[in-house]
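A.B. asks: Residue-level listing of the chains:
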Amino acid sequence: AQSVAQPEDQVNVAEGNPLTVKCTYSVSGNPYLFWYVQYPNRGLQFLLKYITGDNLVKGSYGFEAEFNKSQTSFHLKKPSALVSDSALYFCAVRDIMNYGGSQGNLIFGKGTKLSVKP
Amino acid sequence: KAGVTQTPRYLIKTRGQQVTLSCSPISGHRSVSWYQQTPGQGLQFLFEYFSETQRNKGNFPGRFSGRQFSNSRSEMNVSTLELGDSALYLCASRLGGGPQETQYFGPGTRLLVL
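Sequence order for the protein chains is A and B.
Just so we're aligned, residue 194 is where the first sequence starts under my numbering, counting upward by one.
Just so we're aligned, residue 5 is where the second sequence starts under my numbering, counting upward by one.
Don't take each hint at face value.
Said to hold, decoys possible - Here are some chain B residues pointing at chain A (derived, C-beta under 7 Å):
hint, residue
1, Glu52
2, Ser55
3, Asn60
4, Phe64
5, Pro103
It is worth saying that the hints were derived from the structure and are not from the lab.
Given the structure is predicted, the values throughout are model-derived calculations rather than measurements.
Here a beta-carbon is modelled for each residue, glycine too, at the ideal position from N, C-alpha and C.
When you get a sec, could you build the whole thing from the sequences and use the hints?
C.D. replies: Below you can see the structure in the form of structure tokens.
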């Protein structure tokens, strides 16, 4: 079965420091990977995705993610964290195994709470 | 372009009642998916509709149902509510043509079952 794992429930960083939120995946075939962010009492906002091509994907709000096929990882990164980045971050993979192609729903990790302190 | 909208934003019901949630996708998007978010189970897929047809369904009981209209708007219905149905229900839309497409989420409907 296809799955994603976010090994850290919480990540704490100081403002101005680089941040990394980890994600590993397990899929059969080519992975379609996504990162979303959720602020309190809000829906999910799309940050970036990996489909194919360049392993370094750039997204919204200065975030980027590095796809590593050998380590089956898709870690989210930002060179300099802001207090306003504090939120819940979700990694997701498109489940194309059971339903095929465009019919696949997103399978989400448990989420990582990012806390950026001034 | 307007984003995904969901109504109502908040809802309080009692056990045994039923509830209907509404979702309007981004203009031009033909696929609408529903997810349930709870602290214990995280984000779980409910179902997806495309061109008025359910094409994908998660592992939820038959009390959870949905439909999609010709204008791509979607409704989700939960009958005989249980306490465990208290959750944030998220709707997401995408064009509907391929696995690489981004799903855009609405703000959610927070349902509290008493």
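A.B. asks: Run every hint past the structure and note whether it holds.
C.D. replies: We went through each hint and held it up to the structure:
no., hint, verdict
1, Glu52, "holds (6 Å)"
2, Ser55, "violated (12 Å)"
3, Asn60, "holds (5 Å)"
4, Phe64, "violated (12 Å)"
5, Pro103, "holds (5 Å)"
The structure is inconsistent with the numbered hints 2, 4, although it conforms to all the rest.
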